[in-house]
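2 protein chains.
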Amino acid sequence: MSRVTADMTITLDGYGSGRGQSRERPFGDIDPDRLHAWMFDHREGNVEEVERIVEAGSFVMGRKMFSSDEGEWDLEWHGWWGKNPPYHAPTFVLCHRPRPSIEMEGGTVFHFVTEGIDAALARARKAAGEKSVSIAGGVSVLNQCLAAGLVDELRLHVVPFVAGGGERLFADAAGVELVPVSSRTTPHVTHLVYERT
Amino acid sequence: MSRVTADMTITLDGYGSGRGQSRERPFGDIDPDRLHAWMFDHREGNVEEVERIVEAGSFVMGRKMFSSDEGEWDLEWHGWWGKNPPYHAPTFVLCHRPRPSIEMEGGTVFHFVTEGIDAALARARKAAGEKSVSIAGGVSVLNQCLAAGLVDELRLHVVPFVAGGGERLFADAAGVELVPVSSRTTPHVTHLVYERT
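Residue numbers (our numbering), protein chains in the order written: chain A, 31 to 227; chain B, 31 to 227.
Among the hints, a few may not be true.
Here are the computed distance ranges between Cβ atoms for each label pair [stated by the list, open to error]: (1) V84(A) to E145(B): 17 to 23 Å; (2) G137(B) to R55(A): 26 to 32 Å; (3) K161(B) to E225(A): 28 to 34 Å; (4) R55(A) to R226(B): 25 to 31 Å; (5) G75(A) to T216(B): 20 to 26 Å; (6) D148(B) to R49(A): 30 to 36 Å; (7) R53(B) to E78(A): 45 to 51 Å; (8) E81(B) to T144(A): 51 to 57 Å.
Covered stretches of chain A (chain B as the covering partner; in silico rule of three or more C-beta atoms under 8 Å from a C-beta of chain B) [stated by the list, open to error]: (9) 193-199; (10) 211-218.
Think of the hints as simulated: they come from the structure by calculation, not from any bench. Where is the CB? At the ideal position from N, CA and C, for every residue including glycine.
Generate the whole structure from the sequences, applying the supplied hints.
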């Protein structure tokens with residue numbers, strides 16, 4: 031069965047997203063350029079970690095990761111990533127309202143799953159084949175998966191500043207225990223890998 | 031001038047102490063044996079990090095680190111550490127009410143400082159001589175020092191479980207930025223070192 035992985039960039043105080051998320055500001059009051067500088071501005075020092083993020087055979091994400099709004103779908107909205115999203119694989123969006131799948135350029139197909147995380151993971155595993163399934167976020171979906179013990183490998187990318195508020199990793203995951211696997215410090219980010227107990 | 035260091039053991043979700051601290055439960059609802067298993071049960075794999083904690087020439091701690099209560103002092107209370115505390119050096123306790131210094135066995139002398147963190151640090155630096163000054167905790171004093179940019183080297187020891195509540199490191203320290211220096215994963219704890227920008 032496919033291994034389930036998750037990557038998340040968090041601040042020193044554990045926030046994966048700031049306050050006040052919107053379409054214009056998907057990370058709320060955290061500057062996304064600062065949060066992700068390690069991937070873009072300093073990619074050369076972090077190539078392996080960046081490449082591992084999108085090596086999965088399929089992805090699962092929450093609705094807020096696809097679209098910050100709630101309620102009725104705006105069918106014109108195809109996510110933040112332009113015509114050719116970086117996933118290049120089937121991507122299952124957890125949501126409460128059905129919507130037709132969207133085939134993007136480069137192999138990303140967004141499927142909308144209303145039956146919950148277990149159903150989304152089952153479909154993602156089938157789509158991934160021999161490859162892993164990645165929980166692409168956002169924070170609340172990842173917390174839900176961590177609390178339910180669904181994540182085999184968690185890869186955290188800790189950026190060295192304090193956000194002060196927002197959506198915090200491990201909120202609502204009291205009692206979860208993981209196994210520390212590895213860590214690597216670069217000048218702009220610390221990579222931490224944990225596995226399920 | 032003495033370098034200011036700080037060590038703190040925190041959970042995956044950043045808590046250095048749990049909810050409901052008292053003399054009987056200095057870490058509240060976090061089991062201290064579990065929090066500190068890396069230092070005691072698994073000391074052999076973490077000798078260097080353990081020894082660095084107490085190599086400072088003097089220490090600064092908050093009142094809650096010395097005594098969980100508030101208000102008038104109970105002069106019979108000499109801390110949690112027995113007759114021979116592990117500090118073996120002058121230790122300056124930040125508090126609001128004066129109290130005579132207490133000379134313990136093994137070199138630890140508790141001094142009670144009512145003039146605030148800057149005064150405590152000045153006295154600690156003088157006492158430390160060529161050695162470093164360590165902020166011994168608790169969480170709120172360390173957060174105060176981090177927010178004020180007083181910590182030259184922060185050594186975090188991240189234990190791999192989620193507490194779910196308590197006193198959180200980096201709370202009230204929004205905007206603080208640090209420089210990642212090193213990381214080391216052991217089976218029971220991840221050691222992270224940061225420096226001041």
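Structure-based check of all given hints:
1. Between V84(A) and E145(B) the Cβ separation comes to about 55 Å, which falls outside the hinted range of 17 to 23 Å.
2. Separation of G137(B) from R55(A) is about 54 Å and departs from the stated range, judged on CB atoms against 26 to 32 Å.
3. In this structure the supplied range 28 to 34 Å is violated for K161(B) paired with E225(A), their Cβ-Cβ distance being about 39 Å.
4. Separated by about 30 Å at the C-beta atoms, R55(A) and R226(B) satisfy the suggested range of 25 to 31 Å.
5. Range check, G75(A) to T216(B): about 24 Å between beta-carbon atoms, so the 20 to 26 Å window is met.
6. Between D148(B) and R49(A) the beta carbon distance is about 32 Å. The supplied range of 30 to 36 Å therefore holds.
7. For the pair R53(B) and E78(A), the beta carbons lie near 49 Å from each other, so the given range of 45 to 51 Å is met.
8. Hint check: E81(B) to T144(A), Cβ distance near 56 Å, so the stated range 51 to 57 Å holds.
9. Proximity of the stretch 193-199 of chain A to chain B, defined as three or more residues with a beta carbon under 8 Å from a beta carbon of that chain, is established by the 5 residues found.
10. Note: the stretch 211-218 of chain A has 8 residues with beta-carbon separation from chain B under 8 Å; the three-residue rule is met and the coverage holds.
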